[in-house]
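Student: Here full-length UniProt numbering is used: the first residue of the sequence shown is 1, the next is one more, and so on.
Treat the hints with care, as some may be off.
[What the hints assert, rightly or not] With beta-carbon atoms standing in for the labels, derived distance ranges: (1) Asn445 - Leu388: 36 to 42 Å; (2) Asn460 - Met400: 47 to 53 Å; (3) Ser431 - Met328: 39 to 45 Å; (4) Ile396 - Gln161: 47 to 53 Å; (5) Leu446 - Val173: 34 to 40 Å; (6) Lys159 - Gln429: 48 to 54 Å.
[Stated by the list, open to error] In silico DSS-like links for lysine-lysine, alpha-carbon gap of 25 Å or less: (7) Lys391 - Lys414; (8) Lys157 - Lys297; (9) Lys414 - Lys439; (10) Lys297 - Lys159; (11) Lys439 - Lys159.
Hints listed in this document are in silico derivations from the structure and should not be mistaken for laboratory results. In this text, a Cβ means the ideal position worked out from N, Cα and C, and glycines have one as well.
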Amino acid sequence: MDNDGNPPGEKFSVDVNTKNYDENNSTSVESDHNSMPTEDTTDLQSVILSDAIQTIYSSDNNDENVYRAQQVSVATTCSSDVEISQTIEFSSLINDHIDVSNTVQLLASGIGTELEKVSVKASTRKKKKKGTAYTIVIEEESTPCCFESLKNPALLKYKNQITEATAEDLELVRFIDKGNFGSVDHVRINNDSDFQIAVKRISLSTNEERACVTKAELTVMQDICTGHCPYLIEYYGAMIDTIHSELCLCMELMDTTLTKFYQTMHRRGNTDPSNLNFLILRVMHNITSALEFLAVKDYLHRDIKPDNILVNDSGVFKLNDYGTCCRMNSTENVPIGTIAYFPPEVVRNPPAPSSTQSDMWALGISVVETILGQHPCPISNDIDRALLLTKWNRDILEGMIFDDIRKLILQLLKTEPEERPGSYNEILQMSFIQTVRMKPTFEENLFIFNIIQIIRHSENGN
Numbered sequence: 001m002d003n004d005g006n007p008p009g010e011k012f013s014v015d016v017n018t019k020n021y022d023e024n025n026s027t028s029v030e031s032d033h034n035s036m037p038t039e040d041t042t043d044l045q046s047v048i049l050s051d052a053i054q055t056i057y058s059s060d061n062n063d064e065n066v067y068r069a070q071q072v073s074v075a076t077t078c079s080s081d082v083e084i085s086q087t088i089e090f091s092s093l094i095n096d097h098i099d100v101s102n103t104v105q106l107l108a109s110g111i112g113t114e115l116e117k118v119s120v121k122a123s124t125r126k127k128k129k130k131g132t133a134y135t136i137v138i139e140e141e142s143t144p145c146c147f148e149s150l151k152n153p154a155l156l157k158y159k160n161q162i163t164e165a166t167a168e169d170l171e172l173v174r175f176i177d178k179g180n181f182g183s184v185d186h187v188r189i190n191n192d193s194d195f196q197i198a199v200k201r202i203s204l205s206t207n208e209e210r211a212c213v214t215k216a217e218l219t220v221m222q223d224i225c226t227g228h229c230p231y232l233i234e235y236y237g238a239m240i241d242t243i244h245s246e247l248c249l250c251m252e253l254m255d256t257t258l259t260k261f262y263q264t265m266h267r268r269g270n271t272d273p274s275n276l277n278f279l280i281l282r283v284m285h286n287i288t289s290a291l292e293f294l295a296v297k298d299y300l301h302r303d304i305k306p307d308n309i310l311v312n313d314s315g316v317f318k319l320n321d322y323g324t325c326c327r328m329n330s331t332e333n334v335p336i337g338t339i340a341y342f343p344p345e346v347v348r349n350p351p352a353p354s355s356t357q358s359d360m361w362a363l364g365i366s367v368v369e370t371i372l373g374q375h376p377c378p379i380s381n382d383i384d385r386a387l388l389l390t391k392w393n394r395d396i397l398e399g400m401i402f403d404d405i406r407k408l409i410l411q412l413l414k415t416e417p418e419e420r421p422g423s424y425n426e427i428l429q430m431s432f433i434q435t436v437r438m439k440p441t442f443e444e445n446l447f448i449f450n451i452i453q454i455i456r457h458s459e460n461g462n
């Protein structure tokens, strides 16, 4: 898929005043794979501060162990309040009597919809020590949420054209992946082979809090994923599948995740050092550019990891999954994201609020993982892994990649956040980062294409 038809040497820029990316002669052609992280609930010592506030997830792969504090961002036509009391086990990650009383300040969409902000208050009413964990009773208020603002049929903006479509017009090409909140399918619209997209299906739960979280994800996508940044997954529109009671988010189709890409690359072996340097430079440039765009829009991502970085066969890497985004001025200090990518300041007691430098750390760990073919702390317990990350052997990168890249990675992984780069623009202005072109060379693109072809054959059982 060629998302960027620019000739070599052309770059984009960020206009802070207009909050848009300017691109020269950019085109978009869709590919045939998207992915959503699989997050299965585990009996691991875990925390669930309500469905809407936070959950620890894990899967057979401990890198998938997710400690996700889903912030409720917006809701429509809010009516009756519901008070819920839920007993949970608080992980030993929190070592002492931490006050988790907080009010979640909701995101402002900034896109002129009729959505209203909602506050959800969670407070600890009682707490007692129980072995190595704590039993906490969470009481919260919530309000119902609906999706009446979505039109039926939906108006999908695809390749600069507006197309009407309903859920009945979605023809399944193949199933892509399944996650905690739903599934992702490769579909075509109205049996049109040129209109192929990814559709994320999210169950419209009767649980008011989860419904509000779903609405939050929709609103963030409407705000930031409308084609202005070439390194964010493009959003085309949304519709309600009334038969299956699902929200359908229609978005750009990609080929695979960075996780599958680097795993396949390392399994194949004998990776040319020039290809590895090209790959790391491109990931650093593309994802830093995406994060800079989010920062201009006043957002933090808070869940940077290889599973949330997608790639197409044109060599473009894009940031995905915006359910954990929050405004940059948020003072929320409950850890949010994936434990294996938490920076040191987030696992301290008490944890620091998320920041730009928190996302930088997670990007640094993701890049090191791509280079090594595994997380730099390959131990089974993700909580211990997060605590040990400050002690991993940083000399392991010596001789594997260009020295300029290595020094940048080590700067992203400084223990103290103030020692990391002050902004994404500071990274993008580095001379070796500026050598990255919008469009890879033929040899670079062939390297990406060949790895993706191996993944396709593997997934098709060939």
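Student: Starting from the range 39 to 45 Å, see whether the pair Ser431 and Met328 falls in it by beta-carbon distance.
Tutor: 27 Å Cβ-Cβ, so the 39 to 45 Å window is violated.
Student: Lys157 and Lys297 were given as a pair; does the straight-line alpha-carbon distance stay at or below 25 Å?
Tutor: holds, 21 Å
Student: For the pair Asn460 and Met400, does the Cβ-Cβ distance stay inside 47 to 53 Å?
Tutor: violated, 32 Å
Student: So if I understand the rule, the pair passes when the alpha-carbon distance is 25 Å or less; does Lys391 with Lys414 pass?
Tutor: At roughly 11 Å apart (the allowed maximum being 25 Å), Lys414 and Lys391 satisfy the hint.
Student: May I ask you to test the hint 47 to 53 Å on the CB atoms belonging to Ile396 and Gln161?
Tutor: This hint holds: roughly 49 Å between Cβ atoms.
Student: Does Lys159 lie within 25 Å of Lys297 when you go C-alpha to C-alpha?
Tutor: holds, 23 Å
Student: Does the hinted range 48 to 54 Å hold for Lys159 and Gln429 at CB?
Tutor: About 33 Å separates the Cβ atoms of Lys159 and Gln429, which means 48 to 54 Å is violated.
Student: Holds or violated: are the alpha carbons of Lys414 and Lys439 at most 25 Å from each other?
Tutor: violated, 31 Å
Student: With the threshold set at 25 Å, check whether the alpha-carbon distance from Lys439 to Lys159 stays at or below it.
Tutor: Roughly 19 Å separates the two Cα atoms, so the pair holds.
Student: Does the Cβ pair Asn445, Leu388 satisfy 36 to 42 Å?
Tutor: holds, 38 Å
Student: Confirm or reject the claim that Leu446 and Val173 have a C-beta distance inside 34 to 40 Å.
Tutor: violated, 26 Å
In this structure, the hints that do not hold are numbers 2, 3, 5, 6, 9, in rising order.
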